[in-house]
Amino acid sequence: MTYLRVNTGLIIAALLLTLVGCGETRPQHRAVYLLMDTSGTYTEELAKAQGIMNYLLATLDSGDAVAVARIDSGSFSEKDIVAKATFDERPSVANQQKRAFKQQLDVYVKSVRHGSRHTDITGGLLQASEFLNETGAGEKYVLVFSDLEEDLEKGHIRDFPIALEGIRVVALNVTKLRTDNIDPRDYLRRLEAWQKRVVEGGGQWAVMNDLERLDQLIAAR
Amino acid sequence: MPTELIHLWSDNAAASLAIWLFVLVLAMYLGRSQSHALLQALARSIYRSARLGARALSRAQQQLRERNRAVLQSAGEQQLQRAIEREFVRVNSIITRDLAHYPSLHRQISDTVSKIEKDYEAAIDTPPMPPAWVEVVETVAAIPRSGDAAVAKILDKIHETVESAQAESLQAYQKSSQVSHKLLSRMQPLWRKLDGDLADVKQRVDSLEDRASVIDGFMTEYRAIRSGAQEAMARLTSSSLTQFFVSALVLIIAVFGGLINFQLIAMPMSEMVGGTSYIGAMKTSDIAALVIIMVEIAMGLFLLESLRITHLFPMIGSMDDKMRRRMVWITFTILTVLATIEASLAYMRDLLALDREALKQSLAGASVVEANFRWIPSVGQMVMGFVLPFALAFVAIPLESFIQSTRTVLGMFAEATLKVLAVVCRLLGAVVQQMVRFIIHLYDLVIMVPLAFERWISAGRARMAKSNDSRTEPGLDYSEV
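Residue numbers (full-length UniProt numbering), protein chains in the order written: chain A, 1 to 221; chain B, 1 to 481.
From the structure, some residues in chain B lie toward chain A, with a derived Cβ separation under 10 Å: (1) 277; (2) 355; (3) 356; (4) 362; (5) 363.
Quick caveat, the hints were computed from the structure, so don't treat them as lab data.
Since the structure is predicted, the reported quantities are computational estimates derived from the model, not experimental observations.
Ideal placement from N, C-alpha and C gives every residue a C-beta, glycine not left out.
Let the hints inform the model, and build the full structure from the sequences given.
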């Protein structure tokens with residue numbers, strides 16, 4: 001009889017353990033990091049970045065993480081993160097978080113008066129990969145809202161490979177510079193160079209200039 | 001490798017192939033009887049195996065048919081037993097409800113009869129009219145008044161007295177007649193009442209007769225099923241198939257109802273158990289919503305079982321009435337609580353949808369517009385959330401029907417499959433036999449040249465033997481010696 005009880009207890013314990021094990025959160029969540037270029041005339045494009053972020057907020061669900069950071073003269077810094085959030089598992093709370101996030105971003109965009117003197121895209125990417133890896137999300141995206149023209153401050157070292165395993169880097173709204181109009185190969189070379197860096201770092205590269213096609217940006221569930 | 005083989009005998013492919021052909025034909029000719037025996041043995045074994053298999057399948061089909069018949073018979077018997085039981089309950093209720101009042105009805109009728117009797121007796125007490133009053137008056141009036149004034153006066157007086165006595169008597173008679181009429185008219189409603197009471201009794205007896213004839217019908221059918229009559233079994237099979245399709249249809253409808261129910265509560269469930277947790281590949285909130293629906297269906301099953309509408313759990317059916325009634329109340333209460341929870345979840349879903357819509361509008365830069373009559377869909381969702389669990393509770397009825405008819409349908413399907421397999425086995429055996437015959441003929445066709453040669457030699461030998469026989473003495477048969 002005791003033997004039977006012990007056996008039943010063991011079976012129940014095993015079942016409970018299995019259920020608890022099954023109940024763990026699966027790494028299916030998404031994490032998105034939006035890098036906004038704030039250099040020179042690109043500040044004028046920030047309204048578009050706001051639109052993208054609004055689209056993202058409407059797309060992301062409970063458990064997903066999102067962050068917005070600016071590309072500054074030295075972007076590898078926590079200070080450059082404008083807003084970040086991991087949405088609560090309760091939909092109503094997640095909605096409140098989204099509202100707060102939007103407000104933060106609106107305040108920031110309004111406050112931007114002058115662009116930064118230099119453009120440290122690599123630093124921003126490093127910061128993004130660090131953030132995304134920390135979230136432990138299943139799908140990781142870095143959205144780079146920039147003309148992709150890197151202009152480093154003297155003394156900054158960025159010519160090393162960036163670890164971007166499992167991260168999808170999407171260049172958004174890559175505006176053409178005046179020199180690109182003279183020789184479009186500059187534009188193509190710039191894109192190619194970034195693609196090479198991202199792919200060599202283990203990431204995936206994509207370019208999306210037509211913001212009307214935002215629905216293709218993030219894998220729909 | 002094949003090209004090497006082709007050129008084994010000669011560099012010339014045609015010559016080499018011819019040699020190969022010769023070798024093959026020779027080999028086939030030499031091994032003809034063995035090959036034929038092998039092929040025939042193979043055909044025989046396959047044919048016999050197929051026949052054996054077909055016989056085994058036919059036997060299995062026969063057994064299955066008997067089992068199906070037994071299942072069908074038992075189901076039909078049970079169904080009829082239940083119907084007869086129900087009819088007896090009805091008869092019992094008629095007897096207890098209607099005929100239990102029969103003594104009082106009888107007393108009522110006998111009271112009415114005695115009242116009528118009494119009134120009747122009172123009515124016949126009326127004194128009859130004196131028979132000769134008119135004659136007396138006429139006789140007195142006709143007596144001649146012969147001059148004597150005194151006599152005439154006396155006669156007139158007598159006449160007057162008689163007349164007034166007649167008038168009084170008539171008046172008394174009329175009065176007593178009126179009383180009799182009054183008594184008789186008072187009897188009329190009593191007659192009517194009596195007639196009504198008797199009609200009532202007749203109706204009750206008639207309804208009992210109806211029930212008795214229904215029971216008779218059921219009993220006849222029951223006997224037919226017990227005896228395994230072909231017609232009754234065919235009727236049961238057809239009824240089973242109809243039940244199967246109808247219950248399947250209702251179950252499909254119930255599944256759709258369940259899906260709508262799921263949609264109502266799955267999203268708000270993420271507010272309660274979280275929207276980021278998964279069990280396997282499914283969201284925990286979805287599983288929680290499904291569990292609620294399943295529990296509702298289970299409660300519905302228990303409720304209908306306790307009410308003895310379904311008979312899926314014999315243990316519940318055999319509980320004592322007190323316990324069963326308790327179970328009815330418990331399951332009904334749980335079902336109501338779950339329905340209330342669903343209604344509140346449906347309301348929450350509406351609120352969440354509103355909140356999400358407002359967020360989307362604000363993200364799109366549009367001002368949030370408050371829609372008119374928003375309460376209508378909210379109330380509609382709440383009502384749906386409350387009603388659907390009760391509607392799903394009735395799934396137990398088609399489910400029981402589906403389970404019972406599935407046994408028969410599956411049995412019939414298995415029987416048909418076995419029958420087809422047996423036919424296929426038989427066909428396979430016959431086909432293999434014919435194929436082997438064909439192969440043997442084909443074999444002989446390949447070696448027709450040496451065969452023809454052999455036949456020619458045999459014929460020559462036969463001819464020679466015949467000519468030798470004709471040279472020997474006639475009538476003497478050496479073989480007999």
